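Place chain B on chain A using the hints.
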Amino acid sequence: MSARSSYLPSGRYVPVLATLALLAVMYGAGALRYEAFGDGQVILNVFVDNAFLLVVAVGMTFVILTGGIDLSVGSVVALTTMLSASLLKDQAWPPYAVLPLVLLLGALLGLGMGCVIHYFEIQPFIVTLAGMFLARGLCYTISTASIPIDDPFWRSMADSKVRLAGYFVSPSVLVALVVVLVAAYVLGYTRLGRNVYAIGGSPGSALLMGLPVARTRIAVYTISGFCSALGGVLLSFYMLSGYGLHAVGMELDAIAAVVIGGTLLTGGSGYLVGTVLGVMVLGVIQTIITFDGTLSSWWTKIVIGVLLFVFIVLQRLIAARGTRSAPAAPESAPLTLTAPPAR
Amino acid sequence: MSRETDAVRDERVVADGESDLVAPRGAGRMRGLARHRLLWPVLVLVLLLLSNLIFTPGFFEIEVRQGHLYGSVVDIVRFGAPLILVALGMTLVIATGGIDLSVGSIVAICGAMACLRISDLGDQNEVTGVLAAIGLALALSLVLGLWNGALIAGVGVQPIIATLILMVAGRGLAQLITGGQIITINSSPYKLIGAGYWLTLPFSILVALAVTALAVLLTRRTALGLLIEAVGGNAEASRLAGIRSRRIMLMAYVFCGFCAGVAGLMISSNVSSADGNNAGLWIELDAILAVVIGGTPLAGGRFSIGGTVIGALIIQALSTTIYTIGVPPETTLLFKAVVVTVVCLVQSPAFRARVFRRRAPRPLPVAEKPKAEVAR
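Protein chains in written order, with this note's numbering: chain A, 14 to 356; chain B, 225 to 600.
Honestly, I wouldn't trust all of these hints.
Covered, in the sense of this in silico footprint (three residues per stretch, anywhere, with C-beta under 8 Å from a C-beta of chain B), are these stretches of chain A [said to hold, decoys possible]:
#1 48 to 56
#2 321 to 327
Far from chain B, some chain A residues (derived; all Cβ distances over 10 Å) [stated by the list, open to error]:
#3 L36
#4 L45
#5 E134
#6 T157
#7 D163
#8 V199
#9 L221
#10 M222
#11 Q299
#12 I315
Derived contacts from chain B toward chain A, CB cut-off under 10 Å, selection only [as the list claims (entries may be wrong)]:
#13 I384
#14 I385
#15 V435
#16 T555
Treat the hints as calculated values from the structure; they're not laboratory data. Predicted, not measured: the structure shown is a model, and the values here were computed from it. Ideal Cβ placement from N, Cα and C applies to all residues, glycine included.
Okay, chain A solo, but in the shape it has when bound:
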């Protein structure tokens, strides 16, 4: 762990710092312009309203760090809300049975996609696209209408507030924070995390170094599937309903958050804290538009598009300056080829 600074050159922090600066500027501008904007609760509300997106974006970060992409997240979120609602209402299942089931299902869906991507060498883009169609289609086979949830546990999760020093957050925010902390630990301090960076940097080298490419690659899609399902559970807390049209286009928001957070889309470079900042930037944009009242909702999309453009060009400039080197191998990984290749 002591060699951490050697494989994290400071140039790599530039995108994350840029995102932080952007967030500060946007928040400052909002606070100057609108009276109640400076209130701390506004920042907390950004988390309350985007807890599910944060969880989904964490899963997406893993996938993008390996150089892949997962388009199925929005549909898996919708499927989770739909399935939870239908099981709770129509089948009258208890919450402690529904929760593990939907989370397991999300993880299994991710596992299946990961296996197809790795073993059959089909682009992640097209496999997760199929997964997206599949999950969305399954939603509609359950029901085409919105199903309300009035389970007491779900209600309590939706209504209860965790108070801290005069402010409050919803329990979902705490769940999301736990997910972020666990994910940051996994990425920064475990073998799995470093394998993820290594594969994103160069899959071929990772394989030659004897890293478990197959296991890691399948794991990230499983993680993404699990995070999507958890995000779906949080969304169903937030909405108290299951609907096949929930979270349409959420995959784009998640990808945008990850990119704005400074993660390279080619994989191998980026930090989870950047993703958190990226989600906050998206949330603050929405908040500003809500506060203003005269701006129309489509400005959100245009601003996100412009930000994406700025950050992608920024990434290109940093890459062109040559600071982007392949990530170093985890110290613990065997450097010989004695370990059998993953396939």
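Same frame as chain A, but now just chain B:
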């Protein structure tokens, strides 16, 4: 030149499969046919159309009513025309090794722009005004394609990401143009593009035919197709070989933008209105699907325009079939998921190598397996 590349390509397809050493000589020709890239797409399309015959006996009937051609099959082509156009542009982009996610947004922007200009006209039936509006919308689509191309070929951004920008921002732009409302117009010249008839044929079919013919002429009767495939195979190597690979990529994205623009005009003209939010929603995914079903690999390096057209028709026929046989339309997505999975698996060399190494080359039965795997 095109024949030569075809030969090379067929050889590669054979090389991709299992070893031919044990095959008896006489079976070579049949195997050649069985290996033809368009065999499976065509079979699927024919099967789909035939299955309709069971549910609607008069499915293949075509009649001329008031000088217009009517019939279910004609409808499939007519409603599939925008998808064919978008998929054509997408084929060339994918052949260069790229992808264009922004076509749905370009569809919405162009439809919105044309409808906005027409709704501002004093007389909405004035032909020159409508033509000017169409010209402006198409010019806009070229500019949007150029923007994508410049980002990818000029700045060097990954295609998925570069076009993601316009995909997200473009929906916003389309709504900005329409002011968040659905612009409805009442213009008979504009209506012709998407819903009109000309020489007894639906005009949209003629437009799709013309653009397809243009694409085939440009790519298969000149060296352009070969150059595109070279760039898709290896952009750097083809640059070193003296091909202006950046210019070729730029052209592919501009053409894709143009095709999406024409499709946008067609879609908005068919319903005489522009909806910034929903026009062309998810058409990029359908188009990519059509291209992949048609046998163009997503990795680039080769492409099949005929395959793309068949792929687009399969998707449209699938939707029509689902409507006519009374399956709830919501399951269309499930069908699509299964189709994408099966087609991709059959195309995947790794899958073929794993599955066909020990068995006779009969792809259909084994294609069932992955369905269950994804559906878990």
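Which of the numbered hints are not met once you compare them with the structure shown? Result: hints 1, 5, 6, 12 and 15 break, sorted rising.
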